[in-house]
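A.B. asks: Okay, here's what each chain looks like letter by letter:
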Amino acid sequence: MIVFEKPKSLTDAPLHYCPGCTHGIIHRLVAEAIDELGIEGRTIGVASVGCSVMAYNYFTVDMVQAAHGRAPAVATGVKRSDPSKIVFTYQGDGDLASIGTCETVHSAARGENITIIFVNNAIYGMTGGQMAPTSLPGQVTQTSPYGRDVATQGYPIKMCEMLSQLDGASYLERVAVNSVKNVKNAKRAILRAFKNQVEGKGFSLIEVISTCPTNWGMTPDKALAWVEEKMIPYYPLGVYKDKYAEVK
Amino acid sequence: MAEKVLMKGNEAIAEAAILAGCRHYFGYPITPQTEVAAYMAKRMPKIGGTFLQAESELAAINMVIGVASTGKRAMTSSSSPGISLKCEGLSYLAGCDLPALVVNVERGGPGLGGIQPSQSDYFQATRGSGHGDFHMIVLAPASVQEMAALTMKGFDLADKYRMTSMILADGTMGQMMEPVVLEAPEPVVYEKPWALTGTDGKRPHNIVNSLYLVPEDLERTNFARYERYRTVEENEAAAESFMTEDADIVVVAFGIAARVSKNAILAAREKGIRVGLIRPITLWPFPKAVIAGAASHAKRFISVELSMGQMIEDVRLAMDCARPVTLVNRAGGMIPSPDEVLAAIETAQGGLKA
Chain A
0 MIVFEKPKSL TDAPLHYCPG CTHGIIHRLV AEAIDELGIE GRTIGVASVG
50 CSVMAYNYFT VDMVQAAHGR APAVATGVKR SDPSKIVFTY QGDGDLASIG
100 TCETVHSAAR GENITIIFVN NAIYGMTGGQ MAPTSLPGQV TQTSPYGRDV
150 ATQGYPIKMC EMLSQLDGAS YLERVAVNSV KNVKNAKRAI LRAFKNQVEG
200 KGFSLIEVIS TCPTNWGMTP DKALAWVEEK MIPYYPLGVY KDKYAEVK
Chain B
0 MAEKVLMKGN EAIAEAAILA GCRHYFGYPI TPQTEVAAYM AKRMPKIGGT
50 FLQAESELAA INMVIGVAST GKRAMTSSSS PGISLKCEGL SYLAGCDLPA
100 LVVNVERGGP GLGGIQPSQS DYFQATRGSG HGDFHMIVLA PASVQEMAAL
150 TMKGFDLADK YRMTSMILAD GTMGQMMEPV VLEAPEPVVY EKPWALTGTD
200 GKRPHNIVNS LYLVPEDLER TNFARYERYR TVEENEAAAE SFMTEDADIV
250 VVAFGIAARV SKNAILAARE KGIRVGLIRP ITLWPFPKAV IAGAASHAKR
300 FISVELSMGQ MIEDVRLAMD CARPVTLVNR AGGMIPSPDE VLAAIETAQG
350 GLKA
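Sequence lines, in order, name chains A and B.
Just so we're aligned, residue 0 is where the first sequence starts under numbering that gives the first Met the number 0, counting upward by one.
Just so we're aligned, residue 0 is where the second sequence starts under numbering that gives the first Met the number 0, counting upward by one.
Check before you lean on any hint, since a few could be wrong.
No farther apart than 35 Å at their CA atoms in a straight line, the calculated lysine-lysine pairs in the DSBU-like style are these [stated by the list, open to error]:
1) B:Lys191 / A:Lys194
2) B:Lys191 / B:Lys7
3) B:Lys201 / A:Lys7
Covered stretches of chain B (chain A as the covering partner; in silico rule of three or more C-beta atoms under 8 Å from a C-beta of chain A) [to be verified]:
4) 54-66
5) 187-201
Distance ranges between label pairs, derived from CB positions [stated by the list, open to error]:
6) B:Met307 / A:Pro235: 55 to 61 Å
7) B:Ile46 / A:Val179: 49 to 55 Å
8) B:Ala321 / A:Thr142: 52 to 58 Å
9) B:Gly47 / A:Asp220: 53 to 59 Å
10) A:Pro18 / B:Met307: 52 to 58 Å
What the hints contain is simulated information worked out from the structure, not anything from laboratory work.
Each residue gets a CB set at the ideal place from its N, CA and C atoms; glycine is no exception.
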């Protein structure tokens, strides 16, 4: 009896992510959501620039690779071309909250019926660990070698909080994948974000707090602990907006 | 036969795109091309199409990429400063081998420049529309009727060769009104097995991508793409020749500059000067053979441009600098007058006698 299988929507290509990186978990959650909703054949994914640039090799669905920050605009085009398709983007923090802030904000404001998976690991991973828009105050990176100085390098951007002010956004939730409990909760949120699109409920964005042991200079278990101790207090988990929340 | 209507060049482009089957337009306001967007905003909702005013030129071209990746016809339009912003997307369109139509109704530059007509984006359109090795098919209309015809042709060439077609029109072409006959072209079906239509569980996934981390792979895609470009150069270069058969002097000009030049040529012919016009209709591929052919009998060439002299390089290269080429130019939104062109023709004629 098989008790644990690879989701159908993941290819057999070996992931290129560093040991201990939680991108793999998030890929799996996305694939599980696609499987469970039975939408693999009509889903089109948009990969971005950063560590997840090669996501197009890992999902079995049709994929397009977008320029840095432009995934929500490309997704808008794909969705407008055929609204019956399920369109998602998979973006990192540099992509979504720095170079692509404009595209993120406006796709939310338009209420585009798309799903955005926003992976926030507080650093630019692919280029070797530079300061991200989401790097914490005091965080040491290659381009903030003395720690992020908010006086000269500004403050992190809290995307869910910011986007929650937009009437166009439908569902915004911040989750993490640093513990079994949090992974299960992240799965629920990601599934919901795809389900919303299937039901035509508009713009959904799930911010997933993720790890980067390599560029944080930590062992994988220390990185998971750093998420709990440093990141989650700065980026509180929870629902920031839900137009279709069930009344309890 | 469709009836003749009076239209602005920008509106003719918009209606022609719709007749060519384009149902997805993404734009951003900028003078002097905004009528394209305004026309699309009116028409698209009535025919089940998409008009979307994007948050930026960058977003607009990336929305075009999104639609193009699904295999449908999409377009955007802008003017010079906006096209600079679109250059990132133009490079990705080329790298992904996606067909699309982009319209540039040029204004003077550099920088914010002005809002009057210009042809100073010639280099950008034919040589440097983004990073990396690539070309676009660049079409240069010289009348409102041609704005429509080349828009339709641009979509076909884009689909045929999986390239971006650019309509490079000076602001005059966009703003002026002329009678035009608009007829839907015979639809041609282009197979797009690469398009993202959803696997439907029946085929392996399609990937639209421009990333190749293995240099051998990236080199292969570049060589293959340039092989295709060679076919375009062989088959698609187009020019109008006017009174060139016996010409000692040949004026080369496109867009509004060609129309001004025609008047000057007729006036020069009255004076007994044997002068003709070559009007490139495709700027890339440049009609090299037509220029080289004329150089077999013509002794002098004159390039007339609304720029500091950009096409003049292609004129010289087309005939390996076999004949002297002089430049008649205005810049910054100014247009050369027929008298200025005539004076240059007469100077060239004087040079022949000397």
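A.B. asks: The structure should be examined with respect to each hint, and the outcome stated for every one.
C.D. replies: Okay, the hints, checked on the actual structure:
Taking the CA atoms of lysine 191 (chain B) and lysine 194 (chain A), the gap is near 30 Å; set against the 35 Å cutoff, the hint holds. Only pairs whose Cα atoms come within 35 Å are accepted, and lysine 191 (chain B) paired with lysine 7 (chain B) is accepted, the gap being roughly 34 Å. Note on lysine 201 (chain B) and lysine 7 (chain A): the hinted pairing holds, with a Cα-Cα distance of about 14 Å set against a maximum of 35 Å. With 11 residues having a Cβ less than 8 Å from any Cβ of chain A, the region 54-66 of chain B passes the three-residue criterion, so the hint holds.
Coverage of the region 187-201 of chain B by chain A holds. Counting CB-CB distances below 8 Å, 7 residues qualify, and the rule asks for three or more. Distance hint check: the CB atoms of methionine 307 (chain B) and proline 235 (chain A) are about 58 Å apart, consistent with the given range 55 to 61 Å. Evaluation of the 49 to 55 Å hint for isoleucine 46 (chain B) and valine 179 (chain A) yields a pass: the beta carbon distance comes to about 52 Å. Distance hint for alanine 321 (chain B) and threonine 142 (chain A): a CB-CB separation of about 55 Å, consistent with the stated range 52 to 58 Å.
Here the CB-CB span from glycine 47 (chain B) to aspartate 220 (chain A) is close to 55 Å, well matched to the stated 53 to 59 Å. Checked against the hint of 52 to 58 Å, the pair proline 18 (chain A) and methionine 307 (chain B) passes, with Cβ atoms roughly 57 Å apart.
Violated hints: none; the structure is consistent with every hint.
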